[in-house]
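S.K.: Please arrange chain B on chain A, whose structure you already have, making use of the hints.
First to last, the sequence lines map onto chains A and B. Each residue of the first sequence is one higher than the one before, starting from 39 at the first, in my numbering. Each residue of the second sequence is one higher than the one before, starting from 299 at the first, in my numbering.
None of these hints come from the bench; they were simulated from the model. Remember, predicted model here, so these are calculated numbers, not experimental data. Hints may be right or wrong, so weigh each one.
Said to hold, decoys possible - Covered by chain A, according to a simulated footprint, are these stretches of chain B (three or more residues, beta-carbon under 8 Å): (1) 413 to 425; (2) 442 to 453.
Stated by the list, open to error - Below, a list of computed lysine-lysine pairs in the BS3-like style, where the Cα atoms sit at most 25 Å apart: (3) LYS381(B) x LYS308(B); (4) LYS366(B) x LYS393(B); (5) LYS460(B) x LYS188(A); (6) LYS379(B) x LYS124(A); (7) LYS393(B) x LYS347(B); (8) LYS134(A) x LYS459(B); (9) LYS364(B) x LYS310(B); (10) LYS134(A) x LYS188(A); (11) LYS387(B) x LYS333(B); (12) LYS387(B) x LYS344(B); (13) LYS460(B) x LYS134(A); (14) LYS46(A) x LYS134(A); (15) LYS308(B) x LYS387(B); (16) LYS334(B) x LYS347(B); (17) LYS191(A) x LYS134(A); (18) LYS124(A) x LYS308(B); (19) LYS338(B) x LYS118(A); (20) LYS64(A) x LYS193(A); (21) LYS308(B) x LYS334(B); (22) LYS310(B) x LYS347(B); (23) LYS125(A) x LYS460(B); (24) LYS338(B) x LYS387(B); (25) LYS405(B) x LYS347(B); (26) LYS308(B) x LYS333(B); (27) LYS125(A) x LYS459(B); (28) LYS444(B) x LYS118(A); (29) LYS193(A) x LYS347(B); (30) LYS310(B) x LYS381(B); (31) LYS118(A) x LYS459(B); (32) LYS366(B) x LYS387(B); (33) LYS444(B) x LYS366(B); (34) LYS405(B) x LYS333(B).
To be verified - Anything over 10 Å on all C-beta distances counts as not near chain B; from chain A, calculated: (35) LYS46; (36) ILE74; (37) PHE94; (38) CYS171; (39) ILE183; (40) GLN198.
C-beta atoms are modelled at their ideal positions from N, C-alpha and C, and glycine is treated no differently.
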Amino acid sequence: MGLEAQLKSDGFITTTIDAVIAWSRKNSVWPMPMGISCCAIEMMAAADPKYDIARFGSEVMRFTPRQCDLMIVAGTVTYKMSHVVKKIYDQMPDPKWVIAMGACTSTGGIYRSYSVVQGIDQFLPVDVYLAGCPPRPDNLLHALIEIQNKIGKTKGRDFQNIPLPELPVIQNN
Amino acid sequence: MEMQELIVSKLKENFSEAFISSSIYMGDLSVNVDKKSIVKICTYLKEDKEFEFQLCEDVTAIDWAKTKNRFTVVYHIFSFKHKFRLRIKADVDEKDCNIDSVTSVWKTTNWQEREVYDMFGISFNNHSDLRRIYMPEEFEHHPLRKDFPLMGIPGSLPLPKK
Chain A
39 MGLEAQLKSD GFITTTIDAV IAWSRKNSVW PMPMGISCCA IEMMAAADPK
89 YDIARFGSEV MRFTPRQCDL MIVAGTVTYK MSHVVKKIYD QMPDPKWVIA
139 MGACTSTGGI YRSYSVVQGI DQFLPVDVYL AGCPPRPDNL LHALIEIQNK
189 IGKTKGRDFQ NIPLPELPVI QNN
Chain B
299 MEMQELIVSK LKENFSEAFI SSSIYMGDLS VNVDKKSIVK ICTYLKEDKE
349 FEFQLCEDVT AIDWAKTKNR FTVVYHIFSF KHKFRLRIKA DVDEKDCNID
399 SVTSVWKTTN WQEREVYDMF GISFNNHSDL RRIYMPEEFE HHPLRKDFPL
449 MGIPGSLPLP KK
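One chain only, chain B, in its complex shape:
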C-alpha cells in the first residue's frame, strides 16, 4: 500500500505538469501521464534507487473509437526489488498520432512498440527500427483499430496465383 502512495506522491512532486491522474483497480495502481514526458517519467522510474522498475513487461494500446484522445498507450512495468507492478497510460490523439519511444529506457520495448505501430498505426519517435512486425510490409491498414472490419479489406492482402 505504502508503495502505491509513494509512487503517486513522488510523481506528483517531480512531474507536476505531466502527472494527470491515478487510479487503483483490483489492487493495481495505474497512472495517467502526459505523452510528452513519457521518456522522462520512465527513465526516472527505472533509475531511481527507490523504485528500480527494471522490467517492461508489455506495451500495448487501446482504441476508444472517439474523436478526442482516440488512443491510449499502456505500459506495464515491474520492479524486482519491491515485487511491484505499475501501469502507465498516456493518451494519444489521432491527429497527432505519435509518442516518444521508450527503447532508450528498456530495450525490450523495441518489438512491442513495433507491434503497437503495426496494429494501431501509432508511430514512435526516435525508434531505431519502426517496421511492421506481423502484417506484410506493403499492408496499408491497422487491424486492431475499431474501424477495421473483422474479415479485413478484400484485396488488401494478396494471395499467390492459383
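So here's chain A without its partners, still in its complex pose:
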C-alpha cells in the first residue's frame, strides 16, 4: 500500500522523528559552491536544465556558508587557499558534509607540487571523493545521491556533542 492510500484510509501514519528529520534533511541539501578552479564549471553545469540538480532538492547554491550544509570543494586547493577553505567550512552550521570534487581536490591530481595540498582530507573531513578531471555533472549528481543516502541513515543523536570549531583570534594591527 502506498503512502497516499494509507493517508486516505487512516488519516495518519506513524514514524519516528529521526526518520522524518533525516528524510527532510536529505531532500533539501543546500550546497556551498566552493568553486576554486575548472571543476566549478562542471558544478555550474550540474545546475543547468540539462542535468538539473533541482531534481534532488539542491538547486539553492548559497553564497554564504551560514545557510549551507554541503560544501562542494571544486578545484585545486593550494596551501595558501586551504586556510580560506577551512575558515568557510568552520562557518557552516552543523550538521555538514563535504564533497571533494575532482582529482586535484581528492589527491592533488596533476599538481604534484610544493604549493598544492595533496588531498583536502589533510585538513577537512571528506564524506565523498569524486573521481574525474573534471568530473562530469552526472558524476556530481551521483556524489550528491551518495551524500543523500548517508544523510538518510543519520539519527538525531549523531549530531549531539559536536565540539565547536576553534575560533580564530583576530589581532588588530
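M.R.: Coordinates of chain B only, in the frame set by chain A:
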C-alpha cells in the same frame, strides 16, 4: 636587421663599460649588460627618440645552479614604434644577490620584480613594495631555485588544524 645593429652599436657607444655581449637567437636580439647600469640602460632605451621601448613585457630570472653568477635577470622589452622586441640580461651573483629596480622606468615591473623576489630571492634595490606575491609572507624559501625540492620542504607551509 638594421635595428639590431643600431641598438648594439648605440649601446656600445654610450655604455662601453657596462655592455658585455650581444647574441641573436631565432632572429631575436639579446644583450648582456652589467647589473650596475641596468637602470641607466633601461632609461636610455625607453626615452631615446630612436628606440622608444615603452613596454616592459616581462621580468624573470634564471637559476644556472653554479657558484659564480648564479642568477640571470631577464627583461623583455618592446618598442611600439619599431615593432621590435629586445631581451636584456644581467648576471647576479649569489653572494651579492640584488639588482637595482627598474620600477622608476616602467611602473608595470613592480609586480614582476616581486615575483622574481618571491621565486628566486633576488632583492631589488629602491623597490617601493618588495613583498612576496604568490607564497605566504612567512614562507622562508624560494621555490624556483634549483636547490628547492619539487614537493617542497615538509612543514614549511602550515595547514589548518583538522
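S.K.: Each hint: holds or not?
M.R.: Taking the hints in turn, this is what the structure says about them:
With a cut-off of 8 Å between beta carbons, the segment 413 to 425 of chain B has 0 residues touching chain A; three or more are needed, and the interface restraint is violated. Restraint check on the segment 442 to 453 of chain B versus chain A: 6 residues with Cβ-Cβ distances below 8 Å, three needed, restraint holds. Between LYS381(B) and LYS308(B) the CA atoms are separated by roughly 18 Å; this keeps the pair inside 25 Å, and the hint holds. Distance hint between LYS366(B) and LYS393(B) is fulfilled; the C-alpha atoms sit about 9 Å from each other, no more than 25 Å.
The straight-line distance between the Cα atoms of LYS460(B) and LYS188(A) is roughly 21 Å, inside the 25 Å bound, and the hint therefore holds. Of the supplied pair hints, the one linking LYS379(B) and LYS124(A) is violated, its CA atoms being roughly 51 Å apart against a limit of 25 Å. A distance of roughly 38 Å separates the Cα atoms of LYS393(B) and LYS347(B); the hinted pair therefore is violated under the 25 Å criterion. The straight-line distance between the Cα atoms of LYS134(A) and LYS459(B) is roughly 17 Å, inside the 25 Å bound, and the hint therefore holds.
Of the supplied pair hints, the one linking LYS364(B) and LYS310(B) is violated, its CA atoms being roughly 28 Å apart against a limit of 25 Å. A distance of roughly 12 Å separates the Cα atoms of LYS134(A) and LYS188(A); the hinted pair therefore holds under the 25 Å criterion. Of the supplied pair hints, the one linking LYS387(B) and LYS333(B) holds, its CA atoms being roughly 9 Å apart against a limit of 25 Å. A hinted pair counts as satisfied when its Cα atoms are at most 25 Å apart, and LYS387(B) with LYS344(B) qualifies at roughly 16 Å.
Among the hinted pairs, LYS460(B) with LYS134(A) is consistent with the structure: their alpha-carbon atoms are about 15 Å apart, no more than 25 Å. Pair hint LYS46(A) plus LYS134(A) does not hold up; C-alpha atoms about 36 Å apart against a cutoff of 25 Å. At most 25 Å may separate the alpha-carbon atoms for a hinted pair to count; LYS308(B) and LYS387(B) meet this at roughly 17 Å. A hinted pair counts as satisfied when its Cα atoms are at most 25 Å apart, and LYS334(B) with LYS347(B) qualifies at roughly 24 Å.
Distance hint between LYS191(A) and LYS134(A) is fulfilled; the C-alpha atoms sit about 14 Å from each other, no more than 25 Å. For the hint pairing LYS124(A) with LYS308(B), the CA-to-CA distance comes to about 57 Å; that exceeds 25 Å, so the pair is violated. Pair hint LYS338(B) plus LYS118(A) does not hold up; C-alpha atoms about 38 Å apart against a cutoff of 25 Å. For the given pair, LYS64(A) sits about 12 Å from LYS193(A) by alpha-carbon distance, which is consistent with the 25 Å threshold.
Annotation: proposed proximity of LYS308(B) to LYS334(B) holds, straight-line Cα distance about 18 Å (limit 25 Å). The hinted pair formed by LYS310(B) and LYS347(B) meets the criterion: a straight-line CA distance of about 17 Å does not exceed 25 Å. For a cut-off of 25 Å, the pair hint linking LYS125(A) to LYS460(B) stands: about 11 Å separates their Cα positions. Simply put, LYS338(B) and LYS387(B) have alpha-carbon atoms about 14 Å apart, close enough for the 25 Å limit, and the pair holds.
A hinted pair counts as satisfied when its Cα atoms are at most 25 Å apart, and LYS405(B) with LYS347(B) qualifies at roughly 20 Å. Pair hint LYS308(B) plus LYS333(B) holds up; C-alpha atoms about 18 Å apart against a cutoff of 25 Å. Distance hint between LYS125(A) and LYS459(B) is fulfilled; the C-alpha atoms sit about 11 Å from each other, no more than 25 Å. Simply put, LYS444(B) and LYS118(A) have alpha-carbon atoms about 22 Å apart, close enough for the 25 Å limit, and the pair holds.
For the given pair, LYS193(A) sits about 79 Å from LYS347(B) by alpha-carbon distance, which is inconsistent with the 25 Å threshold. Restraint check for LYS310(B) and LYS381(B): satisfied, since their Cα atoms lie roughly 22 Å apart, inside the 25 Å limit. Among the hinted pairs, LYS118(A) with LYS459(B) is consistent with the structure: their alpha-carbon atoms are about 14 Å apart, no more than 25 Å. Between the alpha carbons of LYS366(B) and LYS387(B) the distance comes to roughly 16 Å, so the proposed pair stays at or under 25 Å and holds.
The straight-line distance between the Cα atoms of LYS444(B) and LYS366(B) is roughly 15 Å, inside the 25 Å bound, and the hint therefore holds. This hinted pair checks out: LYS405(B) and LYS333(B) have alpha carbons roughly 19 Å apart, not beyond 25 Å. For LYS46(A), the shortest C-beta to C-beta distance to chain B comes to about 51 Å, beyond the 10 Å cut-off, and the non-interface label holds. Consistency note on ILE74(A): stated as away from chain B, and its beta-carbon is indeed over 10 Å from all of that chain's, at 15 Å minimum.
Residue-level check passed: PHE94(A) sits 29 Å from the nearest beta carbon of chain B, beyond 10 Å. Against the 10 Å criterion, CYS171(A) stays outside the reach of chain B, whose nearest CB is about 20 Å from its own CB. Every Cβ of chain B is farther than 10 Å from the Cβ of ILE183(A); the closest lies at roughly 27 Å, confirming the non-interface assignment. Consistency note on GLN198(A): stated as away from chain B, and its beta-carbon is indeed over 10 Å from all of that chain's, at 21 Å minimum.
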